[in-house]
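Taken in sequence, the protein lines are chains A and B.
Residues in the first sequence are numbered consecutively from 1, following full-length UniProt numbering.
Residues in the second sequence are numbered consecutively from 1, following full-length UniProt numbering.
Some hints could be false.
Copies of the same chain look alike in the list, so a pair counts if it works inside one copy or between any two.
[Unchecked claim] With a straight-line cut-off of 25 Å between C-alpha atoms, the simulated SDA-like cross-links for lysine to any residue are:
| no. | residue 1 | residue 2 |
| --- | --- | --- |
| 1 | 299 | 112 |
| 2 | 299 | 102 |
| 3 | 358 | 84 |
| 4 | 61 | 161 |
| 5 | 198 | 64 |
| 6 | 8 | 112 |
| 7 | 358 | 115 |
| 8 | 57 | 275 |
| 9 | 20 | 97 |
| 10 | 20 | 327 |
| 11 | 198 | 208 |
| 12 | 299 | 378 |
| 13 | 299 | 123 |
| 14 | 198 | 362 |
| 15 | 57 | 320 |
| 16 | 57 | 337 |
| 17 | 57 | 321 |
| 18 | 299 | 21 |
| 19 | 358 | 82 |
Calculated directly from the structure, the hints in this document are not laboratory data.
Protein chains: 2
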Amino acid sequence: MSGVTHPKGFRAAGVTAGLKSSGGKDLALVVNTGPRFDAANVFTANRCQANPVLWSKEVAKDGVVRAVVLNSGGANCYTGPEGFQTTHATAERVAEHLAIGAGDVVVCSTGLIGLLNDRAALLAGVDAAAAALDADGGDAAAHAIMTTDTVAKQVVVEGGGWSIGGMAKGAGMLAPALATMLVVITTDAVVPAADLDKALRAATRVSFDRLDSDGCMSTNDTVSLLASGASGIAPSLEEFTARLADACTDLALQLLADAEGADHSIAITTVHAASEDDAVEVSRSVARSNLFKAAIFGKDANWGRILASVGTTGAAFDPADLDVAINGVWVCRNSGIGEDRDLVSLEERDVTVTVDLKAGEASATVWTNDLTHAYVHENSAYSS
Amino acid sequence: MSGVTHPKGFRAAGVTAGLKSSGGKDLALVVNTGPRFDAANVFTANRCQANPVLWSKEVAKDGVVRAVVLNSGGANCYTGPEGFQTTHATAERVAEHLAIGAGDVVVCSTGLIGLLNDRAALLAGVDAAAAALDADGGDAAAHAIMTTDTVAKQVVVEGGGWSIGGMAKGAGMLAPALATMLVVITTDAVVPAADLDKALRAATRVSFDRLDSDGCMSTNDTVSLLASGASGIAPSLEEFTARLADACTDLALQLLADAEGADHSIAITTVHAASEDDAVEVSRSVARSNLFKAAIFGKDANWGRILASVGTTGAAFDPADLDVAINGVWVCRNSGIGEDRDLVSLEERDVTVTVDLKAGEASATVWTNDLTHAYVHENSAYSS
């Protein structure tokens, strides 16, 4: 699968820079060859941000990005001015090879935090990646950004004569790197930067932003969207946003499915809410309940723990009149005992929870994983 | 230890009603024999509240409570109108025995949720408890409210010629009953109900409200404070509040020390905050980070996970200038690597984390536990 190099106008590479102790590929480069260089980016909302995020936020401001360089094997977070210089040097080296400005190079890093990356190894990796750039390099790039991911995550969505490609790594429960999520999405559609920004914010709001694997927010999260315009086709903003949301949701669910230490992928949908914000708040509160998540690990259709989480929110509802279904069985009716919970099977990985607030017409889904022994093991046995 | 019967003017009992499958004591009764019957209560902020909470909130409104009846072995939550009738019948039975009004009887329940309590067994238990009431019955009562607690929690604080006594059960990580916390506190000081209310809110704000064992909020939490006035002494509100805060903090730390599945008791103190609210928000965000809590279980002095949690808050600070100490070792200075983390020993149960925001003069402590295999086991292996 070619992922980010599926749309026309992109080249990519994935090489071994020697940052990962495993000796696997650890440096990826994605280059937009034009003719347009429109871009949009979203970054972690965490106020403690890694050096590559601090750099890339500046790069992103003018809506022009020509390349994204990503390394695994070190997050370059809490590494101070020397770490920032490493990020800067990485962008400069990419720019030299491509004969562009460093201010058009987004840098992403993932891996251990609080440790300096080996700058010489990183720069040598950039040299190798620049030499390896290829119109079919998307797959190699997707492999080079993996940390504890067990599979590479890529997506292709076809428009009419144009397409979207993407790659992602991470998601919550990925020990020990604070669950860094890095995503690069490419398109050959003609979309001006301002519209790309609108589309990306709309698409991430209903996809990555609703992935709440363990409630912990990374210092490095980045989603970078590049548009080459190489198809010559300008879809409507509405159509482009819809296809982009499809691509983002596909990648988000791939992250959920590969979250380490998780036995279950759980979709929590709140229906009949007074507003979408209410629906998100309720679904997210359930997604963050350790007691609920441990119950799902134990294959226990524990609706009481769901109601207790719903009760902590400020959403509009009558506490005495809530319904809850698990895998389609309405185990709670009117805030009391409903259908027999023994009818619920939790043997499969995928689990659905539906909370009916009976307060309106809005709905929203938040995705999470269960809380397992493996999660505790992986996040306690490794330093980071 | 006599706990709630240490102050003059109280009798108590703890008996076996047969609600607990273990056959242990499961029904407690605490009676104020006067001459005054001032009372104050605080209840869970969860909007999904158990039947005894719905009942007791009404009882508490007039500032007069003459008895508190508590059962373990069943939370009477999500049990609908029939469950409410069981609570009502329990209060009526207590009132009959004491020749008082049912409207002066607080009812508390703890145990499994979503199951009806055996009303006949409960009422027979009330009969037995009324017959067993004793001026030294505090210890029996404290044992009767235990669920998965391994030790009874009691406290006595002496004033000048008056005293405070208390008992508590629960705290987060107490599977599988949603961590219900029940607390009864007695005093023979002369304190009008309005002042009791002020004192109780001030004391719980800095004690029970800052115990955040696993971030899950129970449907049954109740703290009930009864004042008999039997000492004839009226301390100043300031003095009474200070002693009450001592008693509440003592009980809170006993709950923390007995939290099931926990290897560590962690005190997270934020210093030099711009406001107390900021300090609480920062400490609480760290207390709720599963990644941080799993690291402490793994004896890993992981300051990066602490900073990442601090970064999710809205508190005033410079993200590039934070200091963090674990057990007194400043492992993070100016948001970068500080003293050698290998200097931190996490072998002992008690752990202190200090976050220095360098933004003001306020401080606050939130207490939590680590995230362990035992926590996952206990909250996944039992239904509730």
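A quick look at each hint next to the structure:
Taking the shortest Cα distances, residue 299 and residue 112 sit within 25 Å of each other only across copies (17 Å), while inside one copy they are farther apart (33 Å). Taking the shortest alpha-carbon separations for residue 299 and residue 102, neither the intra-copy value of 51 Å nor the inter-copy value of 42 Å comes in at or below 25 Å. In this assembly of identical chains, the alpha carbons of residue 358 and residue 84 lie at most 25 Å apart only when taken from different copies (23 Å versus 51 Å within one copy). Within a single copy, residue 61 and residue 161 get their C-alpha atoms no closer than 29 Å, and across copies no closer than 69 Å, so neither meets the 25 Å cut-off.
Only within a single protomer do residue 198 and residue 64 lie at most 25 Å apart by alpha-carbon distance; the minimum there is 15 Å, versus 59 Å between protomers. For the homomeric pair residue 8 and residue 112, neither the shortest alpha-carbon distance inside one copy (34 Å) nor that between copies (60 Å) is at most 25 Å. In the homo-oligomer, the alpha carbons of residue 358 and residue 115 lie at most 25 Å apart only across protomers (24 Å), although the nearest pairing inside one protomer, at 50 Å, exceeds that limit. For the homomeric pair residue 57 and residue 275, neither the shortest alpha-carbon distance inside one copy (32 Å) nor that between copies (30 Å) is at most 25 Å.
Only within a single protomer do residue 20 and residue 97 lie at most 25 Å apart by alpha-carbon distance; the minimum there is 24 Å, versus 73 Å between protomers. In the homo-oligomer, the alpha carbons of residue 20 and residue 327 never lie at most 25 Å apart, since the shortest distance is 40 Å inside one protomer and 31 Å across protomers. In this homomeric assembly, residue 198 and residue 208 come within 25 Å of each other (Cα to Cα) only inside a single copy, at 15 Å, whereas the closest approach across copies is 45 Å. For a Cα distance limit of 25 Å, the shortest separation of residue 299 from residue 378 qualifies both inside one copy, at 21 Å, and across copies, at 13 Å.
For the homomeric pair residue 299 and residue 123, neither the shortest alpha-carbon distance inside one copy (48 Å) nor that between copies (35 Å) is at most 25 Å. Taking the closest pair of Cα atoms, residue 198 and residue 362 come within 25 Å of each other only inside a single copy of the chain (22 Å); across copies the shortest separation is 41 Å, beyond that limit. Proximity of residue 57 and residue 320 under a CA criterion of 25 Å is satisfied inter-copy only: 16 Å between copies versus 47 Å inside one chain copy. In this homomeric assembly, residue 57 and residue 337 come within 25 Å of each other (Cα to Cα) only across copies, at 24 Å, whereas the closest approach inside a single copy is 51 Å.
In the homo-oligomer, the alpha carbons of residue 57 and residue 321 lie at most 25 Å apart only across protomers (20 Å), although the nearest pairing inside one protomer, at 46 Å, exceeds that limit. For the identical chains of this complex, residue 299 and residue 21 are inter-copy neighbours only, at 23 Å across copies versus 37 Å inside a copy, given an alpha-carbon limit of 25 Å. For the identical chains of this complex, residue 358 and residue 82 are inter-copy neighbours only, at 23 Å across copies versus 55 Å inside a copy, given an alpha-carbon limit of 25 Å.
Checked against the numbered hints given earlier, this structure breaks hints 2, 4, 6, 8, 10 and 13; the rest are met.
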